[in-house]
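Read off the chains here:
There are 2 protein chains.
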Amino acid sequence: MNVKNAMEILVEEALNNYWSQLQLPCKCNICKTDVYAITLNNLPPRYISNENGLAFVKAENFDDQSRVNILNQIVKATGVVAVRPSHEIKPSS
Amino acid sequence: MNVKNAMEILVEEALNNYWSQLQLPCKCNICKTDVYAITLNNLPPRYISNENGLAFVKAENFDDQSRVNILNQIVKATGVVAVRPSHEIKPSS
Numbered sequence: 001m002n003v004k005n006a007m008e009i010l011v012e013e014a015l016n017n018y019w020s021q022l023q024l025p026c027k028c029n030i031c032k033t034d035v036y037a038i039t040l041n042n043l044p045p046r047y048i049s050n051e052n053g054l055a056f057v058k059a060e061n062f063d064d065q066s067r068v069n070i071l072n073q074i075v076k077a078t079g080v081v082a083v084r085p086s087h088e089i090k091p092s093s
Numbered sequence: 001m002n003v004k005n006a007m008e009i010l011v012e013e014a015l016n017n018y019w020s021q022l023q024l025p026c027k028c029n030i031c032k033t034d035v036y037a038i039t040l041n042n043l044p045p046r047y048i049s050n051e052n053g054l055a056f057v058k059a060e061n062f063d064d065q066s067r068v069n070i071l072n073q074i075v076k077a078t079g080v081v082a083v084r085p086s087h088e089i090k091p092s093s
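Chains as they are written, first to last, in full-length UniProt numbering: chain A, 1 to 93; chain B, 1 to 93.
Same shape as in the complex, but just chain A (with noise of 0.2 angstroms):
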């Protein structure tokens, strides 16, 4: 059964575009993912079994408020992952 959870798609582009100005002790892929898996577990999923199902949660997401929605759970998430990294991270000399 084909289906995509569309807040993937929109937390991903939300995340690349603002990722260079979040604040992080590391920030390798490993913490990146992290945050991004954090963030999509505290926002409601929108799963679509098909292409119309995409379009429709884009337009739905248009506005500010929902754009506004995903970015605070990237910085809320961002906070937990720079609190609590899941590797070891070297303190810089």
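Heads up, a few of these hints could be off.
Where chains are identical, the list cannot tell them apart; a pair therefore holds if satisfied intra-copy or between any two copies.
[Claimed, not checked] Below, a list of computed lysine to any residue pairs in the SDA-like style, where the Cα atoms sit at most 25 angstroms apart: (1) K90 x A55; (2) K4 x P85; (3) K27 x M1; (4) K4 x N50; (5) K4 x T33; (6) K27 x I38; (7) K58 x V80; (8) K27 x Q73; (9) K27 x N52; (10) K76 x N16; (11) K4 x N41; (12) K4 x H87; (13) K27 x I89; (14) K4 x C31; (15) K58 x P44; (16) K90 x M1; (17) K4 x C26; (18) K76 x E88; (19) K90 x N52; (20) K58 x W19; (21) K90 x W19; (22) K58 x I48; (23) K76 x S49; (24) K32 x Q73; (25) K58 x A6; (26) K76 x N50; (27) K4 x S66; (28) K58 x A14.
None of these hints come from the bench; they were simulated from the model.
We have chain A already, so just place chain B on it with the hints.
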């Protein structure tokens, strides 16, 4: 970024196990996928970024209550698709 909503795996397993017992006017793959997507939209996502995460979520879901929650949502989604299928259903003669 490679993440996976572990609920997709758990719901797919449960849906395959119970599909033959669910009452629907049409049991095509489109309707099954619609039940799958609606069920996933009504359960909290559990995104994981590695294999350990999948083992953790599977262990967590081992208790009866979690499995009952998933089954309840499958039954509810079946009701939605039964009343409003996403494709035309020809009346049986």
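Hint check, failures only:
Those not satisfied come down to hint 1.
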